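*Asks:* Residues per chain are reported as follows:
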Amino acid sequence: DVKVTQSSRYLVKRTGEKVFLECVQDMDHENMFWYRQDPGLGLRLIYFSYDVKMKEKGDIPEGYSVSREKKERFSLILESASTNQTSMYLCASSFLGEAFFGQGTRLTVV
Amino acid sequence: GENVEQHPSTLSVQEGDSAVIKCTYSDSASNYFPWYKQELGKRPQLIIDIRSNVGEKKDQRIAVTLNKTAKHFSLHITETQPEDSAVYFCAAISGSARQLTFGSGTQLTVLP
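Those sequence lines, one after another, are chains A and B. All residue numbers for the first sequence refer to the numbering used here, where the first residue is 1 and numbers rise by one. All residue numbers for the second sequence refer to the numbering used here, where the first residue is 1001 and numbers rise by one.
Do not rely on the hints blindly, as some may be mistaken.
Here chain B is said to cover these stretches of chain A; the calculated rule only asks that three of the stretch's residues, wherever they fall, bring their Cβ under 8 Å from a Cβ of chain B [what the hints assert, rightly or not]:
(1) 41 to 52
(2) 92 to 103
When the alpha-carbon atoms are kept at most 30 Å apart in a straight line, the in silico DSS-like pairs for lysine-lysine are as follows [unchecked claim]:
(3) B/Lys1042 to A/Lys71
(4) B/Lys1037 to B/Lys1068
(5) B/Lys1042 to A/Lys13
(6) B/Lys1058 to B/Lys1022
(7) A/Lys55 to B/Lys1037
(8) A/Lys3 to B/Lys1058
(9) A/Lys70 to A/Lys13
(10) A/Lys3 to A/Lys53
Since the hints were made in silico from the structure, they are not lab data. Treat the numbers as computed from the prediction; the structure is a model and nothing was measured. Backbone N, C-alpha and C define an ideal beta-carbon position, used for all residues, glycine too.
Please build the complete structure, drawing on both the sequences and the hints.
*Replies:* See below:
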């Protein structure tokens, strides 16, 4: 059974803080993704990675960066958190197209 | 990049009726089209998918159809039940780009 685990379920951070969201998968998948989910906007892709140290911008990369030093771990970084980054963040890994999601991190920036 | 549009955003049906959700995509190179179901407070999970070499696929009460010429695909749920109430997302992936792009979601409510 594929397991994708996000480090935190809920997170509250202050404006201007540097925030790290961690994601780990245990199925040796090459592809990993970070999405944010907002009501009425669906799942919007922030960044994805198809190999270690490789990254590609998604549709809304502004204000975010990522790191993939090991195949199983994909980190999302908010360099300087802002209130408009308050959202649900979902990590996923994929094999042959099928995506497996983490449980999500609800981030609130105050 | 790929753009996926999904309609309707909300859909209410009576229990036992059918529900249809439609999506269009922009990248003619896209070749894989999954559908995900997200129940309240839970993560999205794959319920059915279709690849570009197939026009229709069925799994019990759910089916997906694909029209590559028109670049649209649809999810059909028959004999709906209250447990079908959830948000449904369509998605598309281009083999070359590897990017999985989602539609904006449809909140389906099945009324008892």
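*Asks:* With a cut-off of 30 Å on the C-alpha distance, tell me whether A/Lys55 and B/Lys1037 pass.
*Replies:* Holds - the C-alpha atoms of B/Lys1037 and A/Lys55 are around 27 Å apart, at most 30 Å.
*Asks:* Do at least three Cβ atoms from the stretch 92 to 103 of chain A come closer than 8 Å to Cβ atoms of chain B?
*Replies:* holds (count 8)
*Asks:* Given the hinted pair B/Lys1037 and B/Lys1068, is their alpha-carbon gap at most 30 Å?
*Replies:* Roughly 23 Å separates the two Cα atoms, so the pair holds.
*Asks:* Mind checking the alpha carbons of B/Lys1042 and A/Lys71 for me, to see if they're no more than 30 Å apart?
*Replies:* 25 Å, holds
*Asks:* Are the Cα positions of A/Lys70 and A/Lys13 separated by 30 Å at most?
*Replies:* Judged against 30 Å, a Cα distance of about 26 Å means the pair holds.
*Asks:* Can the restraint linking B/Lys1042 and A/Lys13 be considered satisfied, given a maximum Cα separation of 30 Å?
*Replies:* Since the Cα atoms of B/Lys1042 and A/Lys13 sit roughly 23 Å apart, the hinted pair holds (cutoff 30 Å).
*Asks:* Would you mind confirming whether the straight-line C-alpha gap from B/Lys1058 to B/Lys1022 stays at or under 30 Å?
*Replies:* Within the cut-off at roughly 16 Å; holds.
*Asks:* A/Lys3 and B/Lys1058 were given as a pair; does the straight-line alpha-carbon distance stay at or below 30 Å?
*Replies:* OK: A/Lys3 and B/Lys1058 at ~27 Å, within 30 Å.
*Asks:* Measure nothing beyond the straight line between the CA atoms of A/Lys3 and A/Lys53; if it is 30 Å or shorter, mark the hint as holding.
*Replies:* Measuring from Cα to Cα gives roughly 22 Å; hence the hint holds.
*Asks:* With a cut-off of 8 Å between beta carbons, are at least three residues of the stretch 41 to 52 of chain A near chain B?
*Replies:* Since 7 is at least three, the answer is holds.
Against the hints set out earlier in the document, no violation occurs for any number.
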